[in-house]
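A.B. asks: Starting from the known structure of chain A, arrange chain B on it as the hints suggest.
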Amino acid sequence: EAGVAQSPRYKIIEKRQSVAFWCNPISGHATLYWYQQILGQGPKLLIQFQNNGVVDDSQLPKDRFSAERLKGVDSTLKIQPAKLEDSAVYLCASSRDRVTYEQYFGPGTRLTVT
Amino acid sequence: DQQVKQNSPSLSVQEGRISILNCDYTNSMFDYFLWYKKYPAEGPTFLISISSIKDKNEDGRFTVFLNKSAKHLSLHIVPSQPGDSAVYFCAASWNQGGKLIFGQGTELSVKP
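Chains A and B are the protein sequences, given in the same order.
Each residue of the first sequence is one higher than the one before, counting from 128 in my numbering.
Each residue of the second sequence is one higher than the one before, counting from 57 in my numbering.
Be aware that a few hints might be false.
[What the hints assert, rightly or not] In silico DMTMM-like links for lysine to aspartate or glutamate, alpha-carbon gap of 25 Å or less:
(1) Lys61/B with Asp184/A
(2) Lys110/B with Asp184/A
(3) Lys142/A with Asp184/A
(4) Lys110/B with Asp224/A
Just so you know, the hints here were simulated from the structure itself, not pulled from any lab data.
One chain only, chain A, in its complex shape (with noise of 0.2 Å):
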């Protein structure tokens, strides 16, 4: 079974520019989440997605973060536009459905604001 899939898996770019990230989660997964983990912290939340809607957004900075999942596979999130302090790496997960605890990561998207 593949795993979950990010790309790019690093991405350098300049304060005030737009980046998107894209994952493609394990096959049948119905929820998909992004995190964003700042050096030296755990993962943190941003969105979450089942199917094509969102359940949680609650920890999104609306202003200049956006997430979707159109079709309730693939998702896109898009960061426009960027600041120094949204360097992290940007984490795609997925789970079976909404009930279930384990989610399983993929490899992450490294960005550096400069």
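C.D. replies: Chain B in isolation, oriented as in the chain A frame:
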């Protein structure tokens, strides 16, 4: 508000000995706890979990203990192997799924 805390940033253990990683939490609503292992440049990998109705769960060399009254859980690795060297994250959740609240992580180094 740090609801899940791992107070030891690092731990060094000799190969073959026991590794004990600790985690404390403050939210009594948490009903499920998980441990993840992370190698550099990779995403966290699910290791073992425990429901709040249990006090112990074992899987091979890995055992997780939960002390609800103390709001404390620990991961025991016996015997420790050099390949266990990684960052270990404790995570908690509630209400059947949804977001995981992670601790800051403990970097385990197992020396040959």
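A.B. asks: Check the hint pairing Lys61/B with Asp184/A against an upper bound of 25 Å on the C-alpha distance.
C.D. replies: holds, 23 Å
A.B. asks: Would the hint linking Lys110/B and Asp184/A be met if the CA-CA limit is 25 Å?
C.D. replies: Outside the cut-off at roughly 31 Å; violated.
A.B. asks: Take a quick look at whether Lys142/A and Asp184/A sit within 25 Å of each other, Cα to Cα.
C.D. replies: Holds, because 24 Å separates the two Cα atoms, which is no more than 25 Å.
A.B. asks: Lys110/B and Asp224/A: Cα distance at most 25 Å?
C.D. replies: Given pair Lys110/B, Asp224/A holds - Cα atoms ~23 Å apart, limit 25 Å.
Violated hints amount to a single one, hint 2; each of the other numbered hints is respected by the structure.
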